[in-house]
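> Here the structure of chain R is known, so what remains is to put chain D in place on it, guided by the hints.
Those protein sequences? They're chains R and D, same order as listed.
Per our numbering, residue 82 is the first one in the first sequence, and the count goes up by one each step.
Per our numbering, residue 81 is the first one in the second sequence, and the count goes up by one each step.
Worth double-checking, as some hints may not be accurate.
Chain D stretches covered by chain R per the calculated footprint, using a threshold of three residues with CB under 8 Å from any CB of chain R [stated by the list, open to error]:
hint, stretch
1, 91–99
2, 114–120
3, 130–141
4, 146–155
Please keep in mind that the hints were generated in silico from the structure rather than gathered at the bench.
Heads up, the beta-carbon is just placed ideally off N, CA and C, and yes, glycines get one too.
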Amino acid sequence: MGYFLLAAAGFLLVMMALGMVRIVRGPEDADRMMSAQLLGTGGVAVLLLIGAAEVVPAAVDVALTLALLAAFASVAFVKSATHPLSDSDKEPDGA
Amino acid sequence: MSFFLDSFTVAAVSAGAFFFLAGSVGLLRFPDALSRLHALTKADNLGLGLVMLGLLPRADGLLAALKLVFVWLLVLLASAMVSQMVARVARRGGSPS
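Same shape as in the complex, but just chain R:
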């Protein structure tokens, strides 16, 4: 049973690697961010599978942290896309 769960985790890793082709191809930054979102969701699933296969209960905590960090990464992307830093960092005299 453990081997099946590890094989499923390996399959999900291959799927995540496949999704990362979208990071290379783009074309928009939103597409690249979707691939990072896939990395977060797939990473949570892989961690849960490995935690169940190897009987490591702490892997669930790591999965929770990864889910939270993936959400923060996407929120940071949207913030930077809608409120570009270059606007707020401009010199007051327009230089």
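Only chain D this time, still in chain R's reference frame:
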């Protein structure tokens, strides 16, 4: 009993892996950003839910099982929020500069 629980785990995790496959293929093959987002967000969260459902019988105790469910609920909440925001950025065609 254990055989049935094991076959339930195999079936649910396999179905979850299939939905991850569908999400990845959709992310690669769909023509525009919004349909890619649609493929990714729905298929992957369903896949994660099925994987979590398959792992529930293997959790030791009610508390561990409840924790697995909460991981899924957190991912659902986060991705529902994030997909709306990313869709807004993709629709504007804006790229962070």
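> Which hints, by number, does the structure contradict?
Result: no hint breaks.
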